[in-house]
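Q: Chains A and B, in that order, give the protein sequences.
Taking the numbering used here, I'd label the letters of the first sequence as residues 233 to 806.
Taking the numbering used here, I'd label the letters of the second sequence as residues 233 to 806.
Note that these hints are calculated values from the structure, not bench results.
Treat identical chains as interchangeable: a pair holds within one or across any two.
Below, a list of computed lysine-lysine pairs in the DSS-like style, where the Cα atoms sit at most 27 Å apart:
1) Lys245 - Lys597
2) Lys447 - Lys597
3) Lys597 - Lys449
4) Lys771 - Lys796
5) Lys509 - Lys597
6) Lys254 - Lys597
There are 2 protein chains.
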Amino acid sequence: FAGAALLPGGICKFSVWAPFRKQMVLSVLQPQQASYPMVRDDHGYWHVEVDNIQAGTRYKYIPEDGPPLPDPASRSQPEGVHGPSEVVDTHFNWTDDTWQGLDLQELVIYELHTGTFSSSHDFQGVIERLEYLRSLGITAIEIMPVAQFPGSRNWGYDGVYPFAVQDSYGGVKGLKQLVNAAHQHGIAVILDVVYNHLGPEGNYFSQYGPWFTDKYKTPWGPALNFDDAWCDAVRGYYIQNALMWLDEFHIDGLRMDAVHAIWDCSAKHFTAELSEKVYELQAALNKKKLLIAELDLNSPRYIAPRQEGGYGLHAQWIDEFHHALRSLLTGDLNGYYADFGGLAPLAKSFRDSYVYTGQYSSVRKRNFGVYPTGRDYHQFVVFAQNHDQIGNRMLGDRLNSLLPFEAQKLAAAVLLLSPHIPMLFMGEEYGETRPFQFFTSHSDKDLIAGVTEGRKKEFASFAWEGEVPDPQSEETFNNCVLSWETKSVTGTALTELYRFLIAFRKTRQAMQHTSRNSVKVYTPSTHLLAVERAGKDDKVLLLFNFSEHPVQYMHDGEGSLEKKFDSAAAVWNG
Amino acid sequence: FAGAALLPGGICKFSVWAPFRKQMVLSVLQPQQASYPMVRDDHGYWHVEVDNIQAGTRYKYIPEDGPPLPDPASRSQPEGVHGPSEVVDTHFNWTDDTWQGLDLQELVIYELHTGTFSSSHDFQGVIERLEYLRSLGITAIEIMPVAQFPGSRNWGYDGVYPFAVQDSYGGVKGLKQLVNAAHQHGIAVILDVVYNHLGPEGNYFSQYGPWFTDKYKTPWGPALNFDDAWCDAVRGYYIQNALMWLDEFHIDGLRMDAVHAIWDCSAKHFTAELSEKVYELQAALNKKKLLIAELDLNSPRYIAPRQEGGYGLHAQWIDEFHHALRSLLTGDLNGYYADFGGLAPLAKSFRDSYVYTGQYSSVRKRNFGVYPTGRDYHQFVVFAQNHDQIGNRMLGDRLNSLLPFEAQKLAAAVLLLSPHIPMLFMGEEYGETRPFQFFTSHSDKDLIAGVTEGRKKEFASFAWEGEVPDPQSEETFNNCVLSWETKSVTGTALTELYRFLIAFRKTRQAMQHTSRNSVKVYTPSTHLLAVERAGKDDKVLLLFNFSEHPVQYMHDGEGSLEKKFDSAAAVWNG
Chain A
233 FAGAALLPGG ICKFSVWAPF RKQMVLSVLQ PQQASYPMVR DDHGYWHVEV
283 DNIQAGTRYK YIPEDGPPLP DPASRSQPEG VHGPSEVVDT HFNWTDDTWQ
333 GLDLQELVIY ELHTGTFSSS HDFQGVIERL EYLRSLGITA IEIMPVAQFP
383 GSRNWGYDGV YPFAVQDSYG GVKGLKQLVN AAHQHGIAVI LDVVYNHLGP
433 EGNYFSQYGP WFTDKYKTPW GPALNFDDAW CDAVRGYYIQ NALMWLDEFH
483 IDGLRMDAVH AIWDCSAKHF TAELSEKVYE LQAALNKKKL LIAELDLNSP
533 RYIAPRQEGG YGLHAQWIDE FHHALRSLLT GDLNGYYADF GGLAPLAKSF
583 RDSYVYTGQY SSVRKRNFGV YPTGRDYHQF VVFAQNHDQI GNRMLGDRLN
633 SLLPFEAQKL AAAVLLLSPH IPMLFMGEEY GETRPFQFFT SHSDKDLIAG
683 VTEGRKKEFA SFAWEGEVPD PQSEETFNNC VLSWETKSVT GTALTELYRF
733 LIAFRKTRQA MQHTSRNSVK VYTPSTHLLA VERAGKDDKV LLLFNFSEHP
783 VQYMHDGEGS LEKKFDSAAA VWNG
Chain B
233 FAGAALLPGG ICKFSVWAPF RKQMVLSVLQ PQQASYPMVR DDHGYWHVEV
283 DNIQAGTRYK YIPEDGPPLP DPASRSQPEG VHGPSEVVDT HFNWTDDTWQ
333 GLDLQELVIY ELHTGTFSSS HDFQGVIERL EYLRSLGITA IEIMPVAQFP
383 GSRNWGYDGV YPFAVQDSYG GVKGLKQLVN AAHQHGIAVI LDVVYNHLGP
433 EGNYFSQYGP WFTDKYKTPW GPALNFDDAW CDAVRGYYIQ NALMWLDEFH
483 IDGLRMDAVH AIWDCSAKHF TAELSEKVYE LQAALNKKKL LIAELDLNSP
533 RYIAPRQEGG YGLHAQWIDE FHHALRSLLT GDLNGYYADF GGLAPLAKSF
583 RDSYVYTGQY SSVRKRNFGV YPTGRDYHQF VVFAQNHDQI GNRMLGDRLN
633 SLLPFEAQKL AAAVLLLSPH IPMLFMGEEY GETRPFQFFT SHSDKDLIAG
683 VTEGRKKEFA SFAWEGEVPD PQSEETFNNC VLSWETKSVT GTALTELYRF
733 LIAFRKTRQA MQHTSRNSVK VYTPSTHLLA VERAGKDDKV LLLFNFSEHP
783 VQYMHDGEGS LEKKFDSAAA VWNG
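Could you put together the complete structure from these sequences and hints?
A: Laid out in structure tokens, this is it:
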């Protein structure tokens, strides 16, 4: 256990891990200044219990040679990442007792960034749109990381207090209000958590102990220490973090950022230990809890059950589905899209989830991936857009800024009629034209310069023209706030199309089946993808025409076919 | 494929992987000088086929900017690690057609170092003792690495030509003669192979291509590239190497050095790919082939079947059994022995193979290991001594130089009556008193100084006294050559004890059962280990008394007991 916990009777227990420190003092800063020497236990944790501590108390820890440091397990940073930590009251009047969580098969995910979702830039702004999302058919919102980050403008992946909820979003209480309200609307909440790195600013971890190891090199510097000497505290910290969200915050699932960058070659992979603990929590609460990995490895081991030698996560993201769809629709073959292009990769992903299942990747310069044998379709999350695939374009332009209207509708249909779990990115359902760009509000000048430089470098292998927007500029952030201008004819039609497709997905029996033998995939021509989905007493034939012209297709299955949907019909403004 | 292969009709095909090179020329040096430009294929391999090439032809490869380099896949280095490579005739008159190989359960392994096994320092010297080993009951010899290393004195872990057999040992032909002769004696041959690093001298690999990656840090510098861009050639090279030994050389099994240092976080671990190919070879040849890992990870994933999510290796070494036994017998608690001591760790290893199955290790500073659920005892190789555990002591002193005679007999009994696979180190069976020290014959001066320094540093955490022997001195090597002085009374008794125990192990029905439920382990007192081994209609009670005095033990099992063996009896010179 790490952090500051209010116990009954006004006692507060403070604990912090600093195994190599010779001394550690709790320094209370508000409401009254006071110092309390801490005592080290055998595992390198320092503890002290203090009477008469109220929520709102601000504190730091002072090691033998100073200076005072914020708490790595801080629950609140009301003065930002460099300021004191704050003791938090975890009590909340929950009204979601009957909520049970969702199964993977029920998910229609809506990814959102709290800061740019609404003009209030906070959780309250999300709460106000829950009714709209419910009416659209969304069953889960996925919130980009909320752990305290530097300033008020950040995607969230620069967070440095994994236990603290970003103050500018509404803090601990604001997030609980959102989760409670979502559950009232029948909407699950998935939280994006970052366990593979910590942000560059406000990162005091190395001053406490061996949080990092140089066994492995990562894009963000030395790797977090998940398997080297002293790793137990690091593993325990992140497991405690996951359980906090799922238990105290009633969060229904975690989307774990870049799990391939959690370097752990020990006998029990961190994610396997995590899933074990989450299964225990789920059993204790009798509520469904989901673990979804972002994973740049076509390795089903992560999502296989532990009893089959897997790590026991529930699902993983499939960027390859996106890349296959995007390069087919746009013809883009730059950068990592060079591994895709044409209809075949999309057909492969429809059939096998992974596009690369062992064949040579010209981008990775190696044979890549294995077959996801035994893993059902609903263990894979797909998307036509997401924060990365939009925001990591130089101008952050959305798919609907790049594609004609008919192609936008086609993309929506491919996404929502897929047997995989579909995920939308906020605004795509009404054809938002504002970009989603990379933005920060760091205070360290060198870092600001480095980030700007890094963005330019990142786009070097793409042949994009124009200026890279300045991540640090407030204007960049403001440009990305959703307009919610939903009154255009095409925008309205698009929203209705999403609504129809989600409803069709949820209600048509053949669409419920997500085992691998319930789906057949054909490519009758270079531009036509045909997918048969079969239920017990139901069959659906899906035809996706990627040419600009109508095509004829003779289906030789049994029985007669009834046309249920045509994205080019007049009703969809076609 | 890489290397030089003689094809029918006197043609020789030369292939070498050098993906970033602009030019590559085959330079034939003997019998006549000649140059042949090579052609690059899509995967970065350069090829040329040349007429009228005989075995014995010497060659190098010359890249665009020189200088000439030996072949990384050289089959022979008659002038040492810096000299030209030699084309080899792979034909051999095998007479072991009826040999089928052995199952794990049949193994009684004898580890030997070819250079110090006999006064001829070569394979012939081993052949001459095969009859003796057979009469002792040994069923497999395990040969320390034979890949060409610098000079003529080396343990073998500094090898830099994994496909070449050390010339001073007898080369390709000498090894084949040994394997053939061993099979005539009913003895299997296990070869120690090093796939986790390459030696420091004569290592021209980086001049050819991306053999190494800086994703991972190893004790020997950058890691071999098993999962980064361009890794397919590296993986393929080592798989080709394994198949060469098992197929062309009729080797029965590979002992793979430090498999934990084969860094591969991709979807299919290198060892899983290797085991897949070895299973295919085994099926094609209809001969048993074994893969045994040295593994400093208590991770049964490596030895679980691939269909259970494992990597499919057959067995792994258990250093912990050794450490538990050694620290119990000698009271040594220095260095890594600090994690052991007392009877409990040995009892744990007898019961669970691994000593650490998740509990905290004070040496590793973390919770370590998981239970080897589902893995039988015969998947674990144990030893009371081996090259490392002797040779990595400062003076290379053997257990019998450290223990009284009665304790030596006890160690032998613990080893040979264990349900695990037992492995002896050459000479232990007659109480050899010569040491087994670390020796080298490098030619690079800086390296020589570095190795000497490194040895001293390695012993810093142990409280040993005296001078570290000079690894580079020929005298050090000579001191380690087995004396074969077997005429002492205790030496003779020891040999007979080993012979008796091996025979008992092989013939007594209860000793054949190696599933986990056939063994029960008790510790009735702090110095008494009691082990029940049960067969279908047979039971054996093993009592190991680690005190200096007789102890009484009341066994409450059914039936009456008949004493079969007492290591302190007069017949064993007790």
